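Undergrad: What follows is each chain in one-letter form.
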Amino acid sequence: MHVPDGIVPVSVAAGGFAAAGGVTWLSLRKIERAHTVPRNGVPKASLLTAVFFMASLIHFPVPPTSVHLVLSGLMGVVLGWYAFPAILVGLFLQAVMFQHGGLTTLGVNACIIGIPALLAHRVFTLRTRFGARRRAAGTAALGFVAAFVAVALGAAAASLLIVTTVPAHLDAVVERTAVTALLFAHVPLGVIEGMFTAIVVLFLLRVQPGLLEERF
Amino acid sequence: MRAVHASNLTFGYPGGTPVLDGVTVGLDPGERVGIIGPNGAGKTTLFMLVCGVAEPMSGGLEVFGQRVETGAFRPEIGMVFHHTNDQLICPTVREDIAFGPQNIALSRQEVEERVDATVSATGIVHLLDRAPHELSSGEQRLVALTGVLAMMPRLLILDEPTSDLDLRYRRRLIQMLAEMKEHTLMIASHDLEFVLETCDRVLLLDRGRVQADGVPADVMSDSGLMEAHGLEVPHSLMAQWHRHSAPAHADSDG
Amino acid sequence: MRAVHASNLTFGYPGGTPVLDGVTVGLDPGERVGIIGPNGAGKTTLFMLVCGVAEPMSGGLEVFGQRVETGAFRPEIGMVFHHTNDQLICPTVREDIAFGPQNIALSRQEVEERVDATVSATGIVHLLDRAPHELSSGEQRLVALTGVLAMMPRLLILDEPTSDLDLRYRRRLIQMLAEMKEHTLMIASHDLEFVLETCDRVLLLDRGRVQADGVPADVMSDSGLMEAHGLEVPHSLMAQWHRHSAPAHADSDG
Amino acid sequence: MLARATLAAPTATSLARWEVRLKLIGLLCLVFAFAGVNDVRLLPVMLATAFVVYRLSSLPFRYLISRLKVPGIFLVALAVVLPLFSGETVIAQFGPVALRLEGTVSFVSIAARFVSIITVATVLFATTPMPTLVRAMNSLGLPPLLGDMLLFTYRYIFQLAEDLSRARTAARLRGADLGSVRSVKTTAYIIGSLLIRSNWQAERVLAAMTLRGYGASRARSPRHAPQAWDVAGLVACVALAAVLALFPVLVL
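Residue numbers (numbering that gives the first Met the number 0), protein chains in the order written: chain P, 0 to 215; chain W, 0 to 253; chain S, 0 to 253; chain B, 0 to 251.
Misleading hints may appear alongside valid ones.
[Stated by the list, open to error] Negatives, chain W to chain S, calculated, CB over 12 Å: (1) His4; (2) Asn7; (3) Gly25; (4) Gly36; (5) Asn38; (6) Gly39; (7) Glu54; (8) Gly64; (9) Arg93; (10) Ser135; (11) Thr161; (12) Arg169; (13) Ala177; (14) Glu178; (15) His234; (16) Ser235.
[Said to hold, decoys possible] Partial list, computed: chain B residues near chain S (C-beta under 10 Å): (17) Val204; (18) Ala207; (19) Thr209.
[As the list claims (entries may be wrong)] Which stretches of chain W does chain B cover? Using the computed rule of at least three CB atoms under 8 Å from a CB of chain B, they are: (20) 73 to 80; (21) 207 to 221.
The set of hints was computed from the structure by calculation and includes no laboratory data. Just so it is clear, the structure is predicted and the values come from calculations on it, not from any experiment. Ideal Cβ placement from N, Cα and C applies to all residues, glycine included.
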């Protein structure tokens, strides 16, 4: 789901940075509005980002290969507006430490993963509409949906981008097949992400519901 | 058959000095062995090898007569980590203790029985519905121990079991260990008094080698040996010396 | 002017039993006060109040004659946390030690001088370019202490400073504290021998109250008092008793 | 895994001593110019530039190879897809399999860009300690909050790597099979536990930072006055980048 260096034209890379810059600016503004001392949220956001970073290195076997978690949905759910800066930081560190993703494509990747994360957050806030009796089931279901949708959106964006920008000589049919194939390849990941996120949010709901409520 | 049999065990990272440098040691079933030594002596590494988590560079290692295969699951080996925090992962204490038994595919009823039995043995029934994360460090250590005991290990490994414990929990642990007659114990600890109270044999590990092996009171009262390895003779052994020498004159004190 | 003056200090969480329940205590500048008691006695909470991290429910609190305002930065108060890992926040030791001095807006040169001076005082020059996560727990504790000392605090608070320390580092710490004549010290520790060696006064805290306050050897040798609060008379004090009684007959031992 | 990923210790070469902000701008200019290279004739120039920069850094080539390994898998995939399926001009036919010109060309240029960018980026990050780099980015306009988050995250991922690995080991010793999809629940519990613990730890970290004056005043970032040498390096990079970027315009 990460677009590596050297693939997309420089105009797309630049566009990615511009968009990511805009969303970051918006996120920071929202954070500043919500807090008297915005910097006090930094340790929390950073430590949780570190957890997500480590979690995204865990592989699950999906024969014939294995997948690793993206966690865009869960990050949105837990971090709120901090999710976008957090994802930017995580992607930067991944690119620098593992050459996973890319440096020139950092902006593009941040948008592919970060914007769905913000969306996932919106989806997840719907859980307040569930009554106390169905709170757990509703939280789990929305956790699943939020994560699945975030992965699906990210995968769709990445696939479209790669297929349309890379080989200038593919015909339309092949292109469409490639996009569809890439999308379907992401279905197991979406399901695993959804399950994973649902279990984590249920866990947090039972042990420390505050982590799902507060927008530090 | 020996409980643990390590011969010439060596472990290290490429390019570095070896963490374990030819450790040969045998433990009989039911022995309670304390492992002392300064930080970085190789205590935790030895445990990781015995548990099959890390792979030795060379040397042989058998537990209960069976070669330790790296990565293979051996339910008869239980380990309570120094950082017990990392060992407690379920939303409630009850689930956490059931975690191990569930993994070895026991029936639901068997799992429940195991949980009940272990929990009442360690006296933490009142904690069952709490989240492990909100417990005090002493309680966490008891829960981690209970979770390991629920696997019914024959070899129980404790890494710094008294760190962060206050005296009440420390005493409780000493008492519990005293009652566990059928387990083979390996205990690494900086708390020499604790080792003195719970173990019937001690290994002094330093620079990856066994520097001494014997009866705890003997090894630990050897001030030259202890100081050579960054340790001190525990105060109680110094007091003991006085006590030993005192009785003849006890009447003149009264 | 007293270094610390707390009067009837109370702290708790809504609906729970109070963590501190009317603590009144005064420390003179230069005093070295050990705080002992079981887990949950309120030691760390007391420190959090003195540092201005938490807000008391009621009661008065002054440090060096000035009221403690919650959240206000008081560079003259330094605290080394129990979990030193939480305190080492920069990617390298050098930056971590410079973190505090930089925050009080010293010039670059002043910051460097402070770092150099403190680092050589605590003897960790060789660690400067290492990352905190690759240090041993003993080294981490020294670095955290250095980072706090670089702020030149007058009141130094240490929470369980010997936890996870092996004897080499423990001895080094004792020596360093002995040389720091001008600081007022507050030390919470389960390591009673350490308190005995470093402090000239001890407070026994339990259930949120000061249960005893006096000379360490006196308070800690009172076995009835100690046991009532989940503590034990340290072995060295028991040995001392023997030593005190022994001399008259010393010749007959030789 | 993380231990191997740790950045190489910055070496004492000229590139390590290059004033960080100028180095950052210079090398990033090169990287983005590389990303825009489409003309096949420029590929050798680009690769040569990357090679020279890497030589100047004195980093061992083994290190670069190790950095290229992981993302190289993606290249291998492209090496199969593009030359065989993209384009109409067949240059070679092996039974049903045809090697096509356009696909081969686009694969070669993607691969060249990819290798060049990673080479220069590796130099940038391996010769600059992360904190210095972030400080420089801050002084070039990166919002302070983002810089702080970057440094904190970087600081604590190593601790979390250890926590996570211990937690997984502990679970495995209690019989958990972490190599299966069924382990999703166990892994979710472990991550949930780490989130809760990190949340509490963050409170302690904040307290510790506040006690050392975090936020009391804006820390000054250390600045070295750039030497002529530093500026020359920047000029060279920008000039090269400009040539690469403007070549198509100039030639036409």
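Undergrad: None of the hints should be skipped; say for each whether it holds.
TA: Hint check results:
1. His4: holds (28 Å)
2. Asn7: Holds, because the least Cβ-Cβ distance between W:Asn7 and chain S comes to about 26 Å, which exceeds 12 Å.
3. Gly25: Holds: least Cβ distance 27 Å, greater than 12 Å.
4. Gly36: At roughly 8 Å from the nearest Cβ of chain S, W:Gly36 sits no farther out than 12 Å, so the non-interface label is violated.
5. Asn38: violated (4 Å)
6. Gly39: violated (6 Å)
7. Glu54: holds (22 Å)
8. Gly64: holds (35 Å)
9. Arg93: holds (23 Å)
10. Ser135: Label violated. Min Cβ-Cβ 6 Å, cutoff 12 Å.
11. Thr161: It is violated; W:Thr161 is separated from chain S by about 9 Å at its closest Cβ, not greater than 12 Å.
12. Arg169: violated (9 Å)
13. Ala177: Per Cβ check, W:Ala177 is outside 12 Å of chain S; nearest 17 Å; holds.
14. Glu178: holds (21 Å)
15. His234: Label violated. Min Cβ-Cβ 3 Å, cutoff 12 Å.
16. Ser235: The assertion about W:Ser235 is violated, with a minimum of 4 Å to chain S.
17. Val204: holds (5 Å)
18. Ala207: With Cβ-Cβ at 4 Å, under 10 Å, it holds.
19. Thr209: Because about 7 Å separates B:Thr209 from the closest Cβ in chain S, which is inside the 10 Å limit, the hint holds.
20. 73 to 80: With 5 residues close enough to chain B, the hint holds.
21. 207 to 221: Result for this restraint: violated, n = 0.
Of the numbered hints given earlier, the model fails hints 4, 5, 6, 10, 11, 12, 15, 16 and 21; all others are met.
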